[in-house]
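Following our numbering, the numbering of the sequence shown begins with 4 at its first residue and continues without gaps.
Please note that the accuracy of each hint is not assured.
Quick list of in silico lysine-lysine cross-link-like pairs, DSS-like style, CA-CA up to 27 Å [to be verified]:
(1) LYS134 - LYS222
(2) LYS268 - LYS159
(3) LYS259 - LYS159
(4) LYS110 - LYS99
(5) LYS110 - LYS268
Source of the hints: derived by calculation from the structure; they are not laboratory data.
Computed from a predicted structure; not experimentally measured.
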Amino acid sequence: MTGYIARRLLLMIPTLLGILLINFMIIQAAPGGPVEQLVAQITNPGAGGAGERAGGPSGDMGSVSNLQQTSSSYRGGQGIDADLLEDIKKQYGFDKPAPERFWIMLKSYARFDFGTSFFRDRPVIDLILEKMPVSISLGLWTTLIVYLISIPLGIKKATRDGSPFDIWTSALIVIGQAIPGFLFAVLLLILFAGGSYFQWFPLRGLTGDDWESMSVLQKIIDYFWHITLPVISMVIGGFASLTLLTKNSFIEEISKNYVMTARAKGLPERRVLYRHVFRNAMLIVIAGLPAAILSILFTSALLIEVIFSLDGLGLLGFEAALSRDYPVMFGTLFIFTLIGLVLKLIGDICYMMVDPRIDFDKREM
Numbered sequence: 004m005t006g007y008i009a010r011r012l013l014l015m016i017p018t019l020l021g022i023l024l025i026n027f028m029i030i031q032a033a034p035g036g037p038v039e040q041l042v043a044q045i046t047n048p049g050a051g052g053a054g055e056r057a058g059g060p061s062g063d064m065g066s067v068s069n070l071q072q073t074s075s076s077y078r079g080g081q082g083i084d085a086d087l088l089e090d091i092k093k094q095y096g097f098d099k100p101a102p103e104r105f106w107i108m109l110k111s112y113a114r115f116d117f118g119t120s121f122f123r124d125r126p127v128i129d130l131i132l133e134k135m136p137v138s139i140s141l142g143l144w145t146t147l148i149v150y151l152i153s154i155p156l157g158i159k160k161a162t163r164d165g166s167p168f169d170i171w172t173s174a175l176i177v178i179g180q181a182i183p184g185f186l187f188a189v190l191l192l193i194l195f196a197g198g199s200y201f202q203w204f205p206l207r208g209l210t211g212d213d214w215e216s217m218s219v220l221q222k223i224i225d226y227f228w229h230i231t232l233p234v235i236s237m238v239i240g241g242f243a244s245l246t247l248l249t250k251n252s253f254i255e256e257i258s259k260n261y262v263m264t265a266r267a268k269g270l271p272e273r274r275v276l277y278r279h280v281f282r283n284a285m286l287i288v289i290a291g292l293p294a295a296i297l298s299i300l301f302t303s304a305l306l307i308e309v310i311f312s313l314d315g316l317g318l319l320g321f322e323a324a325l326s327r328d329y330p331v332m333f334g335t336l337f338i339f340t341l342i343g344l345v346l347k348l349i350g351d352i353c354y355m356m357v358d359p360r361i362d363f364d365k366r367e368m
């Protein structure tokens, strides 16, 4: 097992390089980069630009303001002066050729130095560390609730396959699977966050405005009060597929010969189910755990964070993509990819813990 883990860790390096290279090439070819957006902001200040969108009230727009003040001596009938354009390129590092910029980025990333945000004027690593607790909080609670609901429900459906309970719960699961998480989030806002009916939950944010003055108990209550609707929105989309996966996996195992043999020996049904069937049936569920966590953290959470104005990694990446804030885009991409590879490795280790018969050291890479 140790050899397998070492090989997987070494394979993470070329995987990260390949993903960064592909995304670097795609992003460099995409129009509307930070230079173009800042030039548009300077030549047409009233239209608003990327920095205004990304930075918002808390963003540091000092560099934009200085360039706007300086640009009065460079503007002409044909647009911005060539010297000022070169200064802007140098400010963002675009005065160097693309291969050199990619090589500089790789050397910095090897030290976990992701540079400084173009429009927030803060180190990217600080932004990621600041936003990460929000996304992790959402992801952990969602994953925990999804598994606590889906696994017992899937087992119950498998043992009562074809019963009225199985039919009615399947109808609810189909409805839950058909409704996108973000659409359900909007529905919850309308119903319970002061939209048209009740105002039982806050409309936005993860904590109240007077968070600092609250006692410990009040902070805990306030936190769960704010996180309830976002977590419910994410759970709805996640529990349906996992419940069906658990049910189908248990049904497949229950029909095998070793289960019939155990029943023929007179073993109690509960012991057969949880002592023999559970271990084998849960393999496929555990294998999907890393993908489920990634989906919850970096796919489902994106729109949920935007809808509920939760200042997490999803909202950070969304704003960075809109504003072409390349350091933030590549920094979050690197972190997401690294977490994904580590979670995949953890999933393989869980495989072995559930079923000791699996030996990764004998597996051909």
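Status of the hints after comparison with the structure:
The straight-line distance between the Cα atoms of LYS134 and LYS222 is roughly 19 Å, inside the 27 Å bound, and the hint therefore holds. A C-alpha spacing of about 23 Å is found between LYS268 and LYS159, which places the hinted pair at or below 27 Å, so the restraint holds. Proximity of LYS259 to LYS159 is assessed by CA-CA distance (about 18 Å); at most 27 Å being required, the pair is judged to hold. For the hint linking LYS110 to LYS99, the alpha-carbon distance of about 15 Å falls within 27 Å, and the restraint holds.
Restraint check for LYS110 and LYS268: not satisfied, since their Cα atoms lie roughly 64 Å apart, outside the 27 Å limit.
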